[in-house]
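Read off the chains here:
There are 2 protein chains.
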Amino acid sequence: MSDSGRPIGVAILGLGNVGSEVARIIESSASDLAARIGAPLAIRGIGVRRVAADRGVPVDLLTDDIDALVARDDVDIVVELMGPVEPARRGILGALNAGKSVVTANKALLAQAAGELTEAAEKARVDLYFEAAVAGAIPVIRPLTQSLAGDSVIRVSGIVNGTTNYILSAMDNTGAGYDTALAEAGELGYAEADPTADVEGYDAAAKAAILASIAFHTRVSADDVYREGITKISADDFDSARALQCTIKLLSICERLTDNEGHQRVSARVYPALVPLTHPLASVNGAFNAVFVEAEAAGELMFYGQGAGGAPTASAVLGDLVMAARNRVQGGRGPRSSRYAQLPIAPIGLIPTRYYVRMRVADKPGVLATVATEFAKREVSIATVRQEGEVDETGARLVVLTHKATDAALSETVAALADLDVVLGVASVIRLEGTQE
Amino acid sequence: MSDSGRPIGVAILGLGNVGSEVARIIESSASDLAARIGAPLAIRGIGVRRVAADRGVPVDLLTDDIDALVARDDVDIVVELMGPVEPARRGILGALNAGKSVVTANKALLAQAAGELTEAAEKARVDLYFEAAVAGAIPVIRPLTQSLAGDSVIRVSGIVNGTTNYILSAMDNTGAGYDTALAEAGELGYAEADPTADVEGYDAAAKAAILASIAFHTRVSADDVYREGITKISADDFDSARALQCTIKLLSICERLTDNEGHQRVSARVYPALVPLTHPLASVNGAFNAVFVEAEAAGELMFYGQGAGGAPTASAVLGDLVMAARNRVQGGRGPRSSRYAQLPIAPIGLIPTRYYVRMRVADKPGVLATVATEFAKREVSIATVRQEGEVDETGARLVVLTHKATDAALSETVAALADLDVVLGVASVIRLEGTQE
Chain X
1068 MSDSGRPIGV AILGLGNVGS EVARIIESSA SDLAARIGAP LAIRGIGVRR
1118 VAADRGVPVD LLTDDIDALV ARDDVDIVVE LMGPVEPARR GILGALNAGK
1168 SVVTANKALL AQAAGELTEA AEKARVDLYF EAAVAGAIPV IRPLTQSLAG
1218 DSVIRVSGIV NGTTNYILSA MDNTGAGYDT ALAEAGELGY AEADPTADVE
1268 GYDAAAKAAI LASIAFHTRV SADDVYREGI TKISADDFDS ARALQCTIKL
1318 LSICERLTDN EGHQRVSARV YPALVPLTHP LASVNGAFNA VFVEAEAAGE
1368 LMFYGQGAGG APTASAVLGD LVMAARNRVQ GGRGPRSSRY AQLPIAPIGL
1418 IPTRYYVRMR VADKPGVLAT VATEFAKREV SIATVRQEGE VDETGARLVV
1468 LTHKATDAAL SETVAALADL DVVLGVASVI RLEGTQE
Chain W
1068 MSDSGRPIGV AILGLGNVGS EVARIIESSA SDLAARIGAP LAIRGIGVRR
1118 VAADRGVPVD LLTDDIDALV ARDDVDIVVE LMGPVEPARR GILGALNAGK
1168 SVVTANKALL AQAAGELTEA AEKARVDLYF EAAVAGAIPV IRPLTQSLAG
1218 DSVIRVSGIV NGTTNYILSA MDNTGAGYDT ALAEAGELGY AEADPTADVE
1268 GYDAAAKAAI LASIAFHTRV SADDVYREGI TKISADDFDS ARALQCTIKL
1318 LSICERLTDN EGHQRVSARV YPALVPLTHP LASVNGAFNA VFVEAEAAGE
1368 LMFYGQGAGG APTASAVLGD LVMAARNRVQ GGRGPRSSRY AQLPIAPIGL
1418 IPTRYYVRMR VADKPGVLAT VATEFAKREV SIATVRQEGE VDETGARLVV
1468 LTHKATDAAL SETVAALADL DVVLGVASVI RLEGTQE
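For the record, the sequence lines run as chains X and W. Quick note: to get our numbering, add 1067 to the position in the first sequence (first position is 1). Quick note: to get our numbering, add 1067 to the position in the second sequence (first position is 1).
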């Protein structure tokens, strides 16, 4: 393979952690990248809000005119690393409409406007790659769209938000409460000043939408994703989890459900869940990410690694950039995710999972029978009941673990329990994932 | 995307577990595959040694004339699943020379003749895909060649042989000796009647050659891979491993080494090694496979799943088949692994690793000093020394764990130890991998 071809022109939008690292590696690994591509990469310009001499790259590469940059004749590929939805959307659409291939790490934009972007890429017959948008350096998009292209994915369960995984790991390891663990994560730089997007599950929901779309060949947007955050998880929940040989993880779950009549639906949902310690996801700790995939022929697969950070994210961006550049040199385009299946989205009420319900009950004879009756009335089958801790004047702590039940049946049961005189309060309701049953 | 295009003709060579499963899924998932490809797949023929009506597929698809099958005008893609080196090599070369894209799972052939095959594919400008050749259903080839195309791989450490991993897991879990565990693996179908290729590391070495080739853009053949099998691993070794908070795994390691003058070499090697229980590879048990990758920007990644079996291997084959078929429909070819770097192979003597050395020594004063002197003379630094078990008339058991030392220095040390009067015997020498130092 010759590296003497015409240079492939690259425009980078954004010069934060990831953008700086991408620019650095393009320079420091220039000869390796040229050999792999068959032509050298040439950075034509970097789009920034603030053009200044102190930004670590030659100032004459910088421009604040993104519209002009992405349309330059000598730009073949645009790498979008600006972050928020706008002006990234406008920059990407400008690039695609001008016939440039695009590499982006922008999960929020993809979860909102993937349809618009992929249509523009189709129309222009160019590549749109976004491996870095989910789980940083971990190859997830490419395995799902290519390696599993001949298989049928059943379920994808991901730990795809490093902030919440750091907080939950800390709560499990130290016994700390949520507020303490969040404060520590903030001090160490693992949580932002406003952690809402992470701790309320918005970031994980955007990634769930992307994963569900490519796994099930169906357009799924962030609004289709059921979402619960981790702010209500307590040290008591972790005590119960440990007693059940479990830990608690914020999971992004995408699942293909088939009803009794053979109709298929897609469920995409984000919530904290009990995970058995024997499950491979249970040992994914701290800021690491992992995506666990179940497919009909492949069985169980897991992809594990660093889900965030400048260098790991840059690795994924550069992989996409090299692929897009090779396609420019050799002609042709990479495989695209398809939406042919267009399965309907299943509402959360229909989703069957197992549940852990912790409540405070009066210390009286017959309480267990009364409680069990409310579950039985709604056909929620109980797997185990245990009383935890000491009985005192505030009653006893009762923990119920159910078999699979729909969210609707469980919600009704919880509402009915709360109305019982003998139930002093339902303290916690958490789903249990990753068991065989 | 339309699925009304001209059918893509497929020839399958071999109708064992994997071939049967591939043929089955092509039929049962026909409409999904057509939608993903943009054209239906049509099986034109299946090459077998024995044409008969009892083979589970329409008998008129079967042929024993492989040369004619791969050259048929209506065949676009040949899927080779015959197994041994010949006649697979001849079938694949015939297919490539006739302008057909090829998908193969044949690790032995690739480890021996990858150069010849890739040159034929280049010349014919067709795809040659082999995801299923390493680690079954686990996407490994595609992540290394595509996702990490912009990164620099430092090391790949794989558990890529299910038979040996099953045996070693059983020895660890039950305390059984090697012969007992091997016999059990044979009874359960995890080991073949002649287990040599697995237990002596030949299969793992073939996969190491493939992994090293693609990770380091260098041609590495099975003959370049240093190899030790697991037949000498004993229950005593596992006792020591447990005392060191380790387990023992057969690892396929591919590493890029840089010497003091900045020259780079590639090491590819297979041997059983102690692995700390805290390392992600330690918990890969039974017939599961995993590949742990360290790259400069991406950091640590791990890919985990089922490494063998008809359905998982078929999943990887079908992923390749769909990609090759899409390329036929849309024009263009997939990215190929390159060999531009052509790094020299490092001999095993130069490879620095840590070592565990277990020996039987006389129960006398001064023994430790005498033993330590032999290590020091060859600049092998000792990390810990411990005496294990009871001292009796056969002496004492001494376990030495070293810091990193070259294989050459360690081998000389072991030879010198064996010559000492106070050393009654060196029972075991095993490398230690997966620690930071």
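It is possible that some hints are incorrect.
Heads up, the list lumps identical chains together, so a pair's fine if it works in one copy or across two of them.
The calculated SDA-like cross-link candidates involving lysine to any residue, where the alpha carbons are at most 20 Å apart (straight line), are [claimed, not checked]:
#, residue 1, residue 2
1, Lys1190, Gly1398
2, Lys1444, Asp1290
3, Lys1431, Gln1409
4, Lys1190, Gly1399
5, Lys1471, Pro1343
6, Lys1444, Ile1110
7, Lys1471, Glu1259
8, Lys1190, Gly1105
9, Lys1471, Thr1247
10, Lys1190, Gly1161
11, Lys1190, Leu1344
12, Lys1444, Val1118
Please keep in mind that the hints were generated in silico from the structure rather than gathered at the bench. Since the structure is predicted, the reported quantities are computational estimates derived from the model, not experimental observations.
Here's how the hints hold up against the structure:
1. Lys1190 <-> Gly1398: So Lys1190 and Gly1398 pass the 20 Å test inside a copy (17 Å) and across (17 Å) alike.
2. Lys1444 <-> Asp1290: Cα proximity of Lys1444 and Asp1290: none, with 33 Å in one copy and 68 Å across.
3. Lys1431 <-> Gln1409: This pair counts as neither: shortest intra-copy Cα distance 53 Å, inter-copy 78 Å.
4. Lys1190 <-> Gly1399: both (14 Å within a copy, 18 Å between copies)
5. Lys1471 <-> Pro1343: within (15 Å within a copy, 37 Å between copies)
6. Lys1444 <-> Ile1110: neither (66 Å within a copy, 54 Å between copies)
7. Lys1471 <-> Glu1259: neither (36 Å within a copy, 40 Å between copies)
8. Lys1190 <-> Gly1105: Answer is between; shortest inter-copy Cα gap is 16 Å, intra-copy 26 Å.
9. Lys1471 <-> Thr1247: Neither. Shortest intra-copy (33 Å) and inter-copy (41 Å) distances fail the 20 Å Cα cut-off.
10. Lys1190 <-> Gly1161: Only inside one copy: Lys1190 and Gly1161 sit 13 Å apart there, 38 Å across copies, limit 20 Å.
11. Lys1190 <-> Leu1344: For Lys1190 and Leu1344, the Cα distance exceeds 20 Å both inside one copy (47 Å) and across copies (51 Å).
12. Lys1444 <-> Val1118: Answer is neither: 66 Å inside a copy and 60 Å across each miss the 20 Å cutoff.
The structure is inconsistent with the numbered hints 2, 3, 6, 7, 9, 11, 12, although it conforms to all the rest.
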